[in-house]
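With these hints in hand, go ahead and build the complete structure from the sequences.
Chains as they are written, first to last, in numbering that gives the first Met the number 0: chain A, 0 to 204; chain B, 0 to 521.
There may be inaccurate statements among the hints.
What the hints assert, rightly or not - Calculated Cβ distances over 12 Å to all of chain B for the following chain A residues:
no., residue
1, Gly40
2, Ala99
3, Lys103
4, Arg112
Claimed, not checked - Now the in silico label distances, taken between C-beta atoms and shown as ranges:
no., chain 1, residue 1, chain 2, residue 2, range
5, A, Pro145, B, Glu255, 48 to 56 Å
6, B, Thr127, A, Pro201, 34 to 42 Å
7, A, Ala132, B, Gly338, 38 to 46 Å
8, A, Ala44, B, Lys312, 53 to 61 Å
9, B, Pro361, A, Ala83, 20 to 28 Å
10, B, Arg519, A, Asp176, 49 to 57 Å
11, A, Ala44, B, His148, 50 to 58 Å
12, A, Thr56, B, Lys75, 40 to 48 Å
13, B, Gly338, A, Asp176, 47 to 55 Å
14, B, Thr127, A, Ala83, 55 to 63 Å
Unchecked claim - Taking beta-carbon pairs under 7 Å as the criterion, some of the chain B residues facing chain A (in silico):
no., residue
15, Trp53
16, Lys160
17, Tyr163
18, Thr176
19, Arg184
20, Leu193
21, Gly196
22, Ala376
It is worth saying that the hints were derived from the structure and are not from the lab.
Ideal placement from N, C-alpha and C gives every residue a C-beta, glycine not left out.
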Amino acid sequence: MIPIIGTAPESGTCSEPGAVRKSDLPLTRREFLRGSGVLTGTLAASSVLATLAPSHTWAVELGTLSQAEGDALMKMGRTLYPSAKLQDAVYALLAKDLDADAAKSPDTLKTLRDGIAELDKSAGGSFANASAAKQLEVVKAMDGTPFFNAVRGKCITSLYNNEMAFATFGYEGAAYDKGGYIMRGFQDIKWLPDPPKSASPPTGR
Amino acid sequence: MPSFDMNDNSVVVVIGSGAGGGTLANELCQKGVKVVLLEAGARQSSATFINDEWASFSQLAWLDTRTTSGNWRVAKDFSGLPAWICKTVGGTTTHWAGASLRFHPYEFKARTTYGEIKGANLLDWPLTLKELEPYYARAEDKMGVTRTHGIPGLPGNNNFKVMYAGATKLGYKECHTGRMAINSRPRAGRGSCLQLGFCFQGCKSGAKWSTLYTEIPKAEATGKLDLRPQSHVVKIEHNDAGKVTGVVYRDSKGAEQRQKARVVCVAGNSIETPRLLLLSASSKYPDGLANSSGQVGRNYMRHMTGSVYAVFKQEVHMYRGTTMAGIILDEGPNNPKRGFVGGYEMETLSLGLPFMVAFLNPGEWGADFGWAIDNYANMAGMWLVGEDMPRETNRVTLNTSVKDQWGNPVPNVHFDDHDNDIAMRNHAYKQGEAVYQAAGAVKTYRTPPYPSTHNLGTCRMSTKPGDGVCNKYGQTHDIKNLFISDGSQFTTGGAENPTLTIVTLAIRQAEYISGQMSKRAI
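Set out below in structure tokens:
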């Protein structure tokens with residue numbers, strides 16, 4: 000939806016002629032879609048997410064970065080923080096969050112774009128399509144650069160501070176609204192003996 | 000709640016509403032003293048606390064700009080965050096885990112007991128455990144510490160089960176769910192623990208003791224408390240005779256306010272308290288208030304700390320339930336045969352997934368790290384906390400190159416590990432790993448110290464004025480009506496979590512202040 004901008008000010012002292020100002024917004028469809036991309040994928044049937052999600056296909060829209068750039072960031076995320084369990088859908092959140100940062104700051108956009116170009120160059124063409132070993136080599140070589148630090152720092156929250164990651168790694172998140180764990184297994188493991196009452200007294204309730 | 004006049008110079012101004020300031024304010028109000036309690040942070044409640052690690056951190060943590068220096072790893076990994084403490088009504092009692100242990104008797108005589116340690120500024124406290132015992136008992140009653148006053152211990156969670164199994168296999172004799180200021184039964188008008196697992200994020204059930212919903216409401220009920228949240232004290236003023244006369248603070252709109260006072264008590268935790276004394280320098284006190292010894296800001300201690308996490312073949316879900324109700328006490332006593340003086344405690348600890356990734360090994364990435372996180376649900380964890388050495392060069396100073404939101408120099412925290420700290424930490428890591436290996440761990444991790452949650456010693460008590468900042472009542476040597484009321488008072492750190500001792504000192508200090516006021520000595 001294109002927002003409507005600028006009509007003549009009401010004040011009588013204003014000297015403007017009343018014409019509509021030309022705005023800087025990307026008002027044409029072509030301008031709006033330039034540099035944007037869509038990342039898509041499918042949840043693995045074996046993933047815990049597949050049992051929870053309403054659909055097994057997912058899509059993440061990027062407003063500034065291209066699909067190829069998003070793919071490169073996703074793959075870099077997986078190189079930095081590999082996981083046998085974490086789905087591509089979650090690595091796509093990394094690309095989405097960096098894309099949002101890029102939209103807010105031309106400096107960030109440049110750092111990301113230049114960094115991704117460097118990834119591709121070092122990989123001999125396409126970082127996203129390179130072997131895992133090559134990807135690791137390329138990322139290691141960039142350790143400590145502002146681009147590396149920006150991406151790695153973002154991973155900490157983008158990859159792990161969301162409900163999909165919680166479900167993936169077996170962390171149950173907020174507890175108060177569910178009455179805590181006092182009735183939900185706070186001491187339920189059976190592979191170790193129960194400590195004696197002197198060490199671990201019975202629950203009071 | 001009354002609103003005392005800005006020009007009412009009969010009030011006691013208390014700066015900071017945490018374990019020290021909140022308790023002191025209430026104890027004074029109970030004795031009929033009028034108190035203006037100035038807290039920099041806003042007022043939250045159990046209803047507004049958030050079961051979400053990052054969101055809660057933004058809500059409660061002190062995030063005003065700070066800088067760091069020294070060889071401690073915190074300066075590298077968290078250069079702008081030397082401490083994880085709070086800016087909120089209730090202070091760090093909203094965030095703390097509840098562990099409430101008394102000092103050992105010799106820990107008040109650290110210099111005599113440990114002898115001369117090169118590079119350390121050890122000193123005996125000007126008081127003894129015997130003098131504090133009645134006040135410790137009152138604090139334990141006030142806070143509802145389990146295993147005291149007939150209060151049963153808390154039930155152990157999965158994380159504790161793992162600690163207990165390993166500890167007993169290894170031969171440790173003293174392992175239980177601890178002395179915790181968390182209700183195991185309903186008590187003092189608060190419910191009992193729901194095993195939420197978000198102790199660090201403010202207790203939403205109110206089972207964990209915090210001045211926010213205990214001392215402060217009790218003080219309000221006396222009609223003698225004027226609590227002003229979002230009131231950030233920037234200066235303490237004095238007259239030509241050298242006595243403090245009041246404070247200047249920035250209110251919730253940022254406007255400068257001036258509250259007169261008969262007595263001023265500073266309880267801003269161990270970074271802001273010395274900072275405020277330094278910021279209050281004047282022509283009469285060019286080195287800051289109460290600083291004739293030069294010790295204001297010095298001897299900063301953060302306890303030897305570190306964590307051990309371990310991955311097991313089966314699930315643990317360590318985040319379920321209390322964060323810290325589990326302890327091995329065996330390494331607490333002094334035993335120089337281990338290669339260091341002082342002792343350390345081993346306490347269960349859990350981080351949620353979001354914080355585990357941030358703190359397990361800051362900066363680490365790659366396949367090994369990814370494997371650890373893949374096994375998060377199979378992890379158990381413990382925190383190691385022990386006595387670190389006071390050093391004159393470990394100190395809080397004013398960083399004149401960096402200004403805060405009010406245009407004042409921010410605090411810089413400088414810290415270098417002492418060899419004793421390093422030896423103790425390495426021993427503690429080894430023992431922690433041994434506990435988990437005995438319980439069947441497939442892999443263990445040594446986690447470096449977090450931004451400091453225990454901050455101590457920067458305005459320490461001393462017998463001789465030249466050795467410290469305040470006397471055995473926290474009264475500054477230089478200025479009779481200026482008091483230090485938080486953990487800055489600690490002459491040495493002991494091995495124990497400090498909150499119980501801070502509350503104990505506050506109860507005793509209130510008695511002293513009200514007595515001195517009755518005698519018109521201050």
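- Is 47 to 55 Å a correct range for the gap between the Cβ atoms of Gly338(B) and Asp176(A)? For Asp176(A) against Gly338(B), whose Cβ atoms are near 48 Å apart, the range 47 to 55 Å holds.
- Status of the hint placing Gly196(B) at chain A (closest C-beta pair under 7 Å): holds (6 Å)
- Item | CB-CB spacing for Glu255(B) and Pro145(A) relative to the 48 to 56 Å hint | violated (40 Å)
- Task: Check the following: the C-beta atoms of Arg519(B) and Asp176(A) are separated by a distance inside 49 to 57 Å.
- Result: Holds, since Arg519(B) and Asp176(A) (Cβ atoms, about 54 Å apart) stay within the stated range.
- Would the hint on Arg184(B) stand, with a C-beta cut-off of 7 Å toward chain A? holds (5 Å)
- Task: Against chain A, run the beta carbon of Trp53(B) and see if the smallest gap drops under 7 Å.
- Result: holds (6 Å)
- Per the hint of 40 to 48 Å, is the separation of the Cβ atoms of Thr56(A) and Lys75(B) within bounds? Because 43 Å falls inside the window, the suggested range holds.
- Message: Take the shortest C-beta to C-beta distance between Leu193(B) and chain A; is it under 7 Å?
- Response: holds (3 Å)
- Compute the least Cβ-Cβ separation between Gly40(A) and chain B, then decide whether it is above 12 Å. Its Cβ never comes within 12 Å of chain B, the nearest being 19 Å, so this holds.
- Note whether the CB distance of Thr127(B) and Pro201(A) lies within 34 to 42 Å or breaks it. holds (38 Å)
- Was the hint right that Tyr163(B) lines chain A, CB cutoff 7 Å? holds (4 Å)
- CB-CB spacing for Lys312(B) and Ala44(A) relative to the 53 to 61 Å hint: violated (26 Å)
Violated hints, in rising order: 5, 8; the structure is consistent with all others.
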